[in-house]
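Asker: Each protein sequence line maps, in turn, to chains L, S, C and E. Here the working numbering is used: the first residue of the first sequence is 5, the next is one more, and so on. Here the working numbering is used: the first residue of the second sequence is 400, the next is one more, and so on. Here the working numbering is used: the first residue of the third sequence is 917, the next is one more, and so on. Here the working numbering is used: the first residue of the fourth sequence is 1093, the next is one more, and so on.
Be aware that one or more of the hints could be misleading.
Claimed, not checked - Restricting the straight-line Cα-Cα distance to at most 30 Å, the calculated cross-link-like pairs of lysine-lysine (DSSO-like) are:
(1) C:989 / E:1232
(2) L:118 / L:106
(3) L:106 / E:1232
(4) C:1102 / S:431
(5) L:276 / L:240
(6) S:654 / S:613
(7) L:106 / C:981
(8) L:93 / L:118
(9) L:240 / L:159
(10) C:1011 / E:1203
(11) E:1241 / L:118
(12) C:952 / C:929
(13) E:1203 / L:53
(14) L:53 / S:654
(15) L:159 / C:929
(16) C:952 / E:1212
(17) S:613 / C:1102
(18) L:106 / C:989
(19) L:118 / E:1232
(20) S:492 / E:1203
(21) S:492 / S:550
(22) C:981 / E:1212
(23) L:202 / C:1059
(24) L:118 / L:240
(25) E:1328 / L:240
(26) S:550 / E:1212
These aren't lab readings, by the way, just hints derived from the structure by calculation.
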Amino acid sequence: MQTRNVIRYLNRIDRRVLYTLLIIAITIPFFFTIQIRVPISRQTEQLYKVVEALPQNSFVLFGADWSASTRGENRAQSKALLIHLMRKKIHFIILCFDPQAKTLMQEMVTGMQKEYGYTDGVDWANFGYRTDQVNFLKGFGPDIPTTLSMDINGKRVQDLPVMRGIHTAHDITMLINVSGSTTTETYIDYLQGSYNLKMVAAVTSVMIPEMINRLDSGQLVGMMPGLQGAIEYEQKLGYIGKASAASVSASVAHLLIIALILLGNIYTLIEKRMSSSVRGRN
Amino acid sequence: MEHASPLVRIMVPLFSTCIVVMIQTARWKQIKIRRIHGLTAIEEAIGRATEMGRPMVCTTGLGTARAGIEIVTLQALSIITYIVRSSAKFATKAVLPVFDPQMLPVTQEAVREAYNLEGRPDLYNTEDIRFLTNNQFSYAAAVAGLIWREKAGATFMFGNYYAESLIIAESGNQVGAIQIAGTPATMQIPFFIATCDYVIIGDEFYAASAYLSKEPTALGSLVGQDIAKGLLLIIVILGSAAITFSQMAGSSLGKTILDLFS
Amino acid sequence: MTEFSPWLAEHLKVMSIWLGTFCTLGLFSILYRENKLYRFFEHLFLGISMGYLMGNVWTDTLRPKWWIPLWDKGEWWQAGVLIFGLFYYLIFFKKVSWIARLSIGFILGASSGLAFQGFVNDYWPQIPTSFKPLWPHQAIYDKTGLLVSKALSVPDAINNLIFMTILVCVMSYFFFSIEQNNRVLKRSAQAGRWMMMFTFGAIFGSTMMARIALLIDRLDFLVNDFGSHIGGQGVMFTLLLFLCGAVIFLAQRTDKE
Amino acid sequence: MFSNLFHPLHGSSWYIAILGCFALAGILIAILQSLPHALRRPLIRIVTFLGGLYYAVEYFWPTHSMPIPGSPKHMGNFLTPFISPAANMLSVIAGWTIGLGTINLCQIHGKRLLHAKEGKLNSLVFFIAMIAMFTLAVLKQAHPNLINKNLYMLLFEGLYQALDSTMFALVAFFLVSASYRAFRVRTGEATLLMVIAMVVMLGQIALGQQLTIHLPDHGFWHNFRVEIIRDWILTKASSASVRAIAFGIGIGNLAVALRVWLGLERGAFFDS
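Extracted from the complex, chain L is given alone in its bound form (with noise of 0.2 Å):
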């Protein structure tokens, strides 16, 4: 009787108590320091390849559009593609069409310009949010300085020595979108599409298998999928990031997901066994 409790209350645990699981699953972690490596899967190995391959004098559209929301996966991922590019020394403009990614991306620039000697409107410069994100990169494409105009300091597009010699969306070397909504596919649609530009994009988990068909149709040339792609991208860089320290609480918490689901099924199929057994005498 004992163990046939037990297996009933397998199929029923209150919800409450699985929150309480998984809040101990992922916290527990946090008190220790643990590195494992891990595998480098084919879309990050490819994307490292692809920033690392840029020319010297690149010029590249960093389209931040994450908040607060998604900032677990995409926060790392920002900076690492961040760290990548300033260690190669690559300008680049930031661009918004989630306001709050706006102020995430100043605190996250300028916390890391003074390390690898970056100046803010010569080497790099944030324009901020836009709304509209359509209508906005319909008129961007073919004038750039326009549709700018300032960047969120109030310099404008001519006072700005990154923004030299671009004119036209055919003057960006790539387009790199770090998102959490469709933006990502909305830059493709109305920018990458129409000019044909090189994109990479870093999204969350939830995104990979729509991405990996514009990978596939060469839409982009690299993708960093998830928290997975920016604990792979932290390790090729060799630096322990917010990813890196996130990993064991992940895999953690999806082991005890894995481990309920089973429990949960022990029950189910006992259960089935013992009604087909009784349908057997019958």
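Knowing the structure of chain L, use the given hints to seat chains S, C and E on it.
Answerer: Here is chains S, C and E on its own, set in the frame of chain L:
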């Protein structure tokens, strides 16, 4: 592509013509379509909510329109209107939280119309169609709260959904509502499958309003869509065959075909 | 006022961490069940997001694109755009409410007009990439020695065949005007359904990481950022455990009732 | 002709032009109102059609025979230069509609406050939060002093960001309870979904990858590494059905757009 390429100039109008021609054909020729499983359960769900004496919560999803009103949301509204009409017979209360302010007047009109058509204009209550907010997660928070407080007996989720799908659907599940969902957002379907009683997949969503309304325009359009899809499938199969044979023969014909399409 | 400003600047970080913690715990309380605390934070969230949205519409859209051109640059025709927008509000006046439909119709028309380009850019490139070669072959060069297509190995050919089969099966599931009485069509549509379940499994698993990552970020905030304000990670962790325990206890008691 | 008409005005002529606009609008409403009922629907249809016509023609019209990159005038066709003004106009119009929602919210919560209904405290919280956030967002731009900026940051970081990301993080909890409850081996389809989900989950975590890390880096057995299986599932198998579903949805979108544009749509909103 900023502008259409030559092949696009032929193919897209061709697809469009198929659809428009079939819509016109449907006006005089009767068209039947196959059964769509989840939709037959709508009546059952309304019945359950009525039995329990609980309201229904119907959402038309997030319309993050690129410009103007999202077309998917309109399509969802036409399904929801059908549900509201069916529920009017039993005077079951239907609550419609709205996400896009542009959709608010449209939704109000459509619901009022639905009640009028069923001869129950008294059931219309402005407060049941509420705008919540245009922010994804505060919308989700508010809808979840609404489902809990109203103890929804049935929830209907049609339209575009993103990550909030699970918050809404799981709340419905926890209060024991019978749930039906349909979305063209492929990425959210697994979560609806995990939490809902019936799920309408992919472009069944577009077929839904045709199936429910039996309206010639919608039925004809559906046949037109089928023809266009058939054409697309044939193009893909032929293309694949052409590439296979040309590459087996070692010729560069395959590349020419690919170039034609890009 | 002069003293308030530096004080605020100094304490901004601490205050937002405290506020953030209350908000986080308040919304997490829905995990127990719907309750007064959650309702409070839900309405707070609603208000904040609405105010934020309104602010953004003004500062990012209306002010730069409408107010400044109209007022500062003298573009008087912008008044026409305002009137067009105001037509929406005629919906509140029964007698003229149909005029609002002109505005709505125009916007709907514009959305539909854009759909052509959206369709082509979204789906067109996926057509030629679905032309998969199904037979292994050597690399092909043209007369000038330029690589035309890469060599195709046997496993790749098999993968391509699987891809094409799935594509055809799943697409056949979505033909609505034909009754699936035909045996071939029925089988293929059924196979398509299984393939889709396979895909949904993949999506489910893949999404798990995205969601867990977000929760990690939030718990990282609670335990590490907020924890350091109240005496360390351990304190906050214990507090969290205590809260969870209380919730489980309460839940069991209410369930019995 | 147009360039003569549309040039900026200043001073009193500006006021006259604005007043003229409003007067014209009044006359327009009067004319529209006097139209017979039977004409209303065709008129709405025509306006809808015109709204879409611009974008459709702009897209399909033959483009400049010799495009010069970098020169907007030599790209696209005769309609392309109007893309950007049209875009601005559409986003401004969309911006104005926010008022529709605000009015509705104020109605519902105002009623609760005035009639002292249940939940009036929450409605009060809603109003305070909305007004505070809106005022600070506007003030921060109009008078960007430290107080305004910091108060705004407090609301933005302390409240908005925290609430937003918490709500998103809740999804993780719901995923756990949903997968525990729903992933049961009841039907074949459900079992397939569950097994694939578990394999993908194992393949995307560091600890899962450790399970098969001892398999060789190359050769036949390499394919059985869990991350390789996951990669195969995502890139080769599942992408095919995602694409097949996408094709259907694409055509569906096109069809609905066509119906709306050409005024063929029936049902919600379109009938009356």
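Asker: Out of the numbered hints, which ones does the structure contradict?
Answerer: Hints 5, 6, 9, 13, 22 contradicted; others consistent.
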